[in-house]
Amino acid sequence: MERLQLIHGSNTMRISEKAKTLAQSYVKEPDAFSIVTLNYKETPVEAIIEEAQTLPFLSDAKAVIVEDAFSFTGAKVRSEVEHNIDLLVEYINNKNDDTLIIFKVYSEQLDNRKKITKLMKSKGKVTEISEMTEQEVRSHIRSVAEKAEVDMAPEALDLFIQLVGIKYDHVTNELEKLLLYVEDTITREDVEEIVSVSLEQNIFKLTDLILSGRKAEAVRLLRVLILQNEEPMQLLHLIISQLRLLYQVKLMQGEGYQGDFIAKSLKVHPYRVKLAAREVRKYRQKELEQKMVKCRDIDYKFKSSYLDRQSLFELFIMEI
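Position one of the sequence shown corresponds to residue 220 (the working numbering), numbered consecutively onward.
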């Protein structure tokens with residue numbers, strides 16, 4: 220195993236799982252001293268290197284996991300310490316200890332112009348943890364259920380995806396709840412009773428209710444989301460984003476482009492494009508344009524009015 224590892228992507232949970240698996244595989248018999256986790260925002264490079272070069276206590280191997288190593292990206296991040304990047308470059312270039320060091324980077328893009336990134340790619344192993352496709356998520360759910368010796372009815376799996384979406388952390392949390400609740404089979408009724416609808420799926424539903432003129436239902440859902448401590452301003456911006464996606468998908472479909480190309484061009488997950496493509500059949504392009512203008516107007520009112528934002532949002536739903 221390469222003793223220099225960098226794992227990056229937007230899915231923090233899967234990155235953490237990968238780092239944990241690598242560390243445990245390397246150490247063999249992990250304990251509190253053989254696997255050390257340090258936060259890059261709080262720990263200077265000197266301390267990270269010192270920890271890596273310190274011999275393991277009561278163990279034959281040692282792993283150091285470095286959280287949020289943002290220096291490998293182009294992002295400007297506030298940090299409690301100022302890092303000596305030249306020292307880190309020297310360490311990576313001349314690493315002579317036996318410690319496995321894993322840098323976790325929460326970004327899909329690394330800055331390949333940086334010397335430290337180029338060096339990491341030549342001296343160590345860089346792994347990208349990409350978002351899972353819908354089929355991969357479905358396979359993952361079936362696999363987890365099988366390991367727990369629980370069957371999952373096909374209609375239950377379909378409803379689960381419909382309510383939760385395919386974000387790995389949401390899927391993992393809701394699946395754990397289900398497996399604690401059931402005994403040997405997950406039914407559609409179990410999913411309806413136990414699973415919480417993700418914010419992303421609620422926004423998709425709220426947008427659909429608004430566009431289809433089901434205003435009373437839209438207001439009820441809005442009130443539920445606000446009771447769940449969602450901010451009206453954030454909800455509005457998410458709805459605007461969803462409307463924009465619908466409009467863009469409508470335009471590109473009209474020009475003959477297919478789902479995968481649309482997703483790549485718009486830099487969104489293919490699953491979102493799939494859902495959007497299914498919905499836009501119901502609406503004309505001009506209609507979507509008019510709704511977006513109304514969203515812009517209410518956004519301005521949010522920022523300029525002293526009225527209660529929830530009331531403004533409800534008025535917006537009734538008027539749009």
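Bear in mind the hints are in silico, worked out from the structure with no lab data behind them. You may find that some hints are simply not true.
Mimicking EDC-like on lysine to aspartate or glutamate, the simulated pairs with C-alpha atoms at most 20 Å apart in a straight line are [stated by the list, open to error]:
#, residue 1, residue 2
1, Lys483, Glu327
2, Lys260, Asp305
3, Lys486, Glu474
4, Lys493, Asp305
5, Lys434, Glu508
6, Lys483, Glu353
7, Lys510, Glu436
8, Lys333, Asp305
9, Lys483, Asp305
10, Lys486, Glu327
11, Lys295, Glu261
12, Lys424, Glu402
13, Lys501, Glu449
14, Lys314, Asp427
15, Lys520, Glu449
16, Lys469, Glu498
17, Lys469, Asp427
18, Lys334, Asp305
Now for the hints, and whether the structure bears them out:
For the hint pairing Lys483 with Glu327, the CA-to-CA distance comes to about 14 Å; that is within 20 Å, so the pair holds. A distance of roughly 17 Å separates the Cα atoms of Lys260 and Asp305; the hinted pair therefore holds under the 20 Å criterion. Distance hint between Lys486 and Glu474 is fulfilled; the C-alpha atoms sit about 18 Å from each other, no more than 20 Å. Between Lys493 and Asp305 the alpha-carbon distance is near 46 Å, which puts this suggested pair outside the 20 Å criterion.
Pair hint Lys434 plus Glu508 holds up; C-alpha atoms about 19 Å apart against a cutoff of 20 Å. For the suggested pair Lys483 and Glu353, the alpha carbons sit about 16 Å apart, so the restraint of at most 20 Å is met. This hinted pair checks out: Lys510 and Glu436 have alpha carbons roughly 18 Å apart, not beyond 20 Å. Of the pairs offered as hints, the one joining Lys333 and Asp305 holds, with about 12 Å between alpha carbons and a cut-off of 20 Å not exceeded.
Our distance criterion of 20 Å between C-alpha atoms is broken by Lys483 and Asp305, whose separation comes to about 36 Å. Annotation: proposed proximity of Lys486 to Glu327 holds, straight-line Cα distance about 12 Å (limit 20 Å). Taken as a hint, the Lys295 and Glu261 pair is honoured in the structure, with Cα atoms around 15 Å apart against an allowance of 20 Å. With a C-alpha separation of about 31 Å, the suggested pair Lys424 and Glu402 falls outside the 20 Å cut-off, and the hint is violated.
Taking the CA atoms of Lys501 and Glu449, the gap is near 28 Å; set against the 20 Å cutoff, the hint is violated. Between the alpha carbons of Lys314 and Asp427 the distance comes to roughly 55 Å, so the proposed pair goes past 20 Å and is violated. Annotation: proposed proximity of Lys520 to Glu449 holds, straight-line Cα distance about 19 Å (limit 20 Å). For the given pair, Lys469 sits about 9 Å from Glu498 by alpha-carbon distance, which is consistent with the 20 Å threshold.
Between Lys469 and Asp427 the alpha-carbon distance is near 15 Å, which keeps this suggested pair within the 20 Å criterion. With a CA separation close to 10 Å, the supplied pair Lys334 and Asp305 stays within the 20 Å bound.
This entry does not satisfy hints 4, 9, 12, 13 and 14, going by the numbered hints stated previously.
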